[in-house]
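J.: The primary structure of each chain is shown beneath.
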Amino acid sequence: MKLPAPRGAVSAAAIDLLSGRDVAVPAPDSDEDLQLALFICYEMAYRGWDGVDDAYEWDPGLLRLRAGLETRFEAGLHELVGPPAPVEPADVPRLLLETVEADDGPALSKYLRGRATHGQFREFVAHRSVYHLREADPHTWAIPRLSGRPKAALIEIQLDEYGGGVTDRMHQELFKKTMRWFGLDLSYGAYVDSVGAATLRVNNIMSFFGLHRRRRGAILGHLAAYEMTSSLPNRAYASGLRRLGGDADATAFYDEHVEADSVHEQIAAHDLCGSFAAAEPELAGDVLWGARCALAVDNLWAGAVLAAWADGRSSLRDC
Amino acid sequence: MTSTITPYEDGPLIIRGDFELRGPDGELIEPGRATVALCRCGRSAVKPFCDGTHKVAKFKAGTGRDTPAPR
Ligand code: FES
Ligand SMILES: [Fe+2]
Ligand SMILES: [Fe+2]
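These protein sequence lines map, in sequence, to chains W and G. According to the working numbering, the first sequence is numbered sequentially starting from 298. According to the working numbering, the second sequence is numbered sequentially starting from 663.
Chain W extracted, bound-state conformation:
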């Protein structure tokens, strides 16, 4: 993927650093600048940037820059949902359910089902492509950090995310069918330059949790929140897409998630997070915190998209 254009001093510094230039690390000019800089740093752990030496993944200068950005990123999460609070490990599945039930985020799925235009739905797909083309990857980082029952539960979910090892059934691949129907660019990261801070934050939080072993509780809570708030919205996306004339290929990704996540949500809440909290009780609070962060960050994104549409604007930065 091509390095994006900078959006301020610190994203410019991240790009310069990866291009081999000596840089002084400035403070971010804006949230756009911070989120893009962090996204640029994190991508070295996924598939990397065109023309950038893979060795930069572990470059001390890049890691120092990243750590400074993460401090600000974490402070932002604390502002949004407060710090993690200890919880009774046995209560984790029930508390996860209460957390997702209490969530009253912006009604993006309802809008997409009933009202979105073809162009708006297409924008939605472009935003989501930044994650869906690497769907499940950040949560996979938790696997070697677990053992026993929670590990088996995570693998049971991830195996399904990766299509049981069949390329065409991988959720990452299924999403390309939806993108193709909209005539979007299928290449990985094609829309990074087009999406704003809110979309980048949705992606950064998964890397922030997933790349650090000490945040393994939070990445599992994040996964549970995603699985537990998926089947009903995906049904709404599929019917919205059918309303716009989408065929079975166009809706395959969403139809698959209605059924798959009805399975995953049970495994995630009980077998994964419940047994993880029992095994590592001191991290039980992190599981809940990760779930709360996931919902809050997604709600900010949905709110930004709906606000743009309400103003008659595009929710993307240029196209």
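List of simulated lysine-lysine pairs, DSSO-like, C-alpha gap at most 30 Å: (1) G/Lys709 with G/Lys720; (2) G/Lys709 with W/Lys474; (3) W/Lys473 with W/Lys407; (4) G/Lys722 with W/Lys448; (5) W/Lys448 with G/Lys717; (6) G/Lys720 with W/Lys407; (7) W/Lys448 with W/Lys473; (8) G/Lys709 with W/Lys407; (9) G/Lys709 with W/Lys473; (10) W/Lys474 with W/Lys299.
So, partial list: chain W residues that the calculated Cβ filter (under 10 Å) puts toward chain G: (11) Pro390; (12) Asp552; (13) Glu562; (14) Gln563.
It is worth saying that the hints were derived from the structure and are not from the lab. For clarity, every value in this text was computed on a predicted model and none was experimentally measured. No residue lacks a Cβ here, since even glycine has one placed at the ideal position from N, Cα and C.
Starting from the known structure of chain W, arrange chain G with the ligands on it as the hints suggest.
T.: Relative to the frame of chain W, chain G with the ligands by itself:
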């Protein structure tokens, strides 16, 4: 062929392992994945599978037998 069927609280029955889903005349029902969730609230739009509607329906059910085994 070994498989397990697990009732999840207020939710579906999860089937794991080596199983086949068949209709009354023996016709195979494609499960689509290795572990499946069968609807037990009656409200799913993709029966026999669960589609998460049990949450909207406020379905309540335990995870074991409601009454002792009859024999
Ligand atoms: S048990 Fe989930 S929809 Fe019926
Ligand atoms: Fe998925
Ligand atoms: Fe899933």
